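Asker: Sequence:
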Amino acid sequence: MKTFLKILLAIIIVAALCGGVYLVLPETAQIFVKGNIQYRTDDNAKEKVDSLKENSIVYTDTQSNGTAKKVDTGVTYGDALTKKSKSTVWYYEDTNNGGFKITFYGTKVSMDLSKYGSDGTYIDKTLKVVFDFPSGGKSSVTIYVGDDQCDDTMKAAVLQALAN
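Quick note: the sequence shown uses our numbering, first residue 1, plus one each step.
Keep in mind that the hints are not guaranteed to be accurate.
Stated by the list, open to error - Below, a list of computed lysine to aspartate or glutamate pairs in the EDC-like style, where the Cα atoms sit at most 16 Å apart: (1) Lys-34 <-> Asp-94; (2) Lys-108 <-> Asp-132; (3) Lys-48 <-> Asp-94; (4) Lys-155 <-> Asp-72; (5) Lys-48 <-> Asp-132; (6) Lys-84 <-> Asp-124; (7) Lys-101 <-> Asp-119; (8) Lys-125 <-> Asp-147; (9) Lys-69 <-> Asp-132; (10) Lys-53 <-> Asp-132; (11) Lys-101 <-> Glu-47.
As the list claims (entries may be wrong) - Okay, the calculated beta carbon distance ranges per label pair: (12) Asp-112 <-> Pro-26: 24 to 30 Å; (13) Asp-61 <-> Pro-26: 32 to 38 Å; (14) Asn-96 <-> Ser-51: 17 to 23 Å.
Treat the hints as calculated values from the structure; they're not laboratory data. Computed from a predicted structure; not experimentally measured. Cβ atoms here follow ideal geometry from the backbone N, Cα and C, with glycine treated the same way.
Using the sequences plus the hints, can you model the full thing?
Answerer: The following block contains the structure:
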């Protein structure tokens, strides 16, 4: 009986240490852990993420005369984001309004946005792309390069860089 209690106590201590280490990890590392586990265990999340990965990248191109048009690149989000990142993870979560959100995290992404009308060359940055699907509303895409949220011009440049 003493051996059983020692083994049980050892398991509890190891679990507590793992939980403690997980809680002090930065957000990106936590999402990599949660996303990888979720993708392998949650069929609903896997289905939604796989469906999103098959969508083509579409960006808004503003002409010199001020008119805006949608450009479909024909490149899927899954292919583009996986190609540009060293390591990737997708994380699905339900939102309070009945919709859902899918977040992509990629590491060591390098892009030259000056070719696409935005300032900046990014080398080995993290890339976070948040796809928000509210219930009954219009979906949106928010992009973060490093810790900075992209404005509309930079967002279009990032999407073009991903597609090329």
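Asker: Which numbered hints are broken by the structure, listed smallest first?
Answerer: Violated hints (numbers, rising): 2, 7, 9; every other hint is consistent with the structure.
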